[in-house]
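J.: Line order of the protein sequences matches chains D and E. Numbering follows numbering that gives the first Met the number 0, in which position 19 of the first sequence is assigned residue number 18; successive positions increment by one, without gaps. Numbering follows numbering that gives the first Met the number 0, in which position 7 of the second sequence is assigned residue number 6; successive positions increment by one, without gaps.
Watch out, some of these pointers could steer you wrong.
Covered stretches of chain D, going by a simulated chain E footprint (3 or more residues, C-beta under 8 Å) [said to hold, decoys possible]: (1) 2-13; (2) 25-32; (3) 51-65.
None of these hints come from the bench; they were simulated from the model. Note that CB positions come from ideal geometry on N, CA and C, so glycine has one too.
Residues per chain, in single letters:
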Amino acid sequence: MQAQVLGLSVDSIPSLKAWSESLGGIGYPLLGDFYPHGQVARMYGVLRPEGRCERAIFIIDKLGVIRYIDVHDIDQQPDNEVLFGELAKIAGVSPAQPAMPASDEPDADLVMYCTPWCSDCRKAREYLSLRKIPYVEVDITRDPAAAQRMRGWTGGKQITPTFNIRGKIVIDFDKARLAEALGIKE
Amino acid sequence: MTLSVGQLAPDFMLESHLDKQVRLSDYRGCVNVVLVFFPQAWTSV
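Taking the hints into account, I'd like the entire structure generated from these sequences.
T.: In structure tokens, the structure reads:
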């Protein structure tokens with residue numbers, strides 16, 4: 000069943016943009032119910048007295064009719080990651096959930112740290128496959144320990160793909176530097 | 000005001016972080032919509 004996910008909070012657009020980036024990019028629209036503050040949340044009866052909204056899910060069918068309402072207490076589910084995991088499931092993308100046990104660095108000549116949605120990661124996969132270069136891929140959205148390692152190399156930022164070639168780190172899909180680190184001709 | 004299942008969802012138009020205006024009624028006739036309200040960005044960080 001096809002569905003459009005819309006996230007909505009009383010945050011401003013710049014704040015939502017920055018937040019989305021910090022999570023590696025959110026593909027569905029995050030709407031800013033910012034001005035007039037909380038207008039839509041009020042319309043849906045989920046604006047709290049202090050100006051934020053409840054955690055609430057409304058499913059609206061193709062005719063515009065509300066089919067499902069789920070309102071959580073704001074304190075009941077204090078982790079936005081949980082919400083995003085659920086959202087991601089509905090949206091059919093890989094959830095950013097720390098479901099896997101902490102991992103060690105894979106024992107491989109080339110390890111690529113990536114996310115399922117990053118377009119440079121896709122290009123990097125094509126680049127490596129074309130040259131028949133074996134690599135091990137680590138999805139940092141499913142492996143918090145790996146995400147931590149990657150951030151250790153990038154100065155705390157989430158940059159994908161990031162490569163580890165037996166200790167030589169190449170940040171981002173930089174073909175020249177990658178070729179150099181692999182000892183191949185570009 | 001409290002909404003309940005079976006009612007028409009109130010229409011709205013808001014800006015999104017993808018630099019697009021989104022109007023709820025634009026999805027009518029096309030797809031189901033999952034509208035998720037969340038309290039605040041950054042609260043888990």
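J.: Run every hint past the structure and note whether it holds.
T.: Going down the list of hints, with the structure as the test:
1. 2-13: Check passed, 10 qualifying residues.
2. 25-32: The restraint on the segment 25-32 of chain D holds, since 6 of its residues have a Cβ under 8 Å from chain E and three suffice.
3. 51-65: With 15 residues in contact (Cβ-Cβ under 8 Å with chain E), the coverage given for the segment 51-65 of chain D holds.
Violated hints: none; the structure is consistent with every hint.
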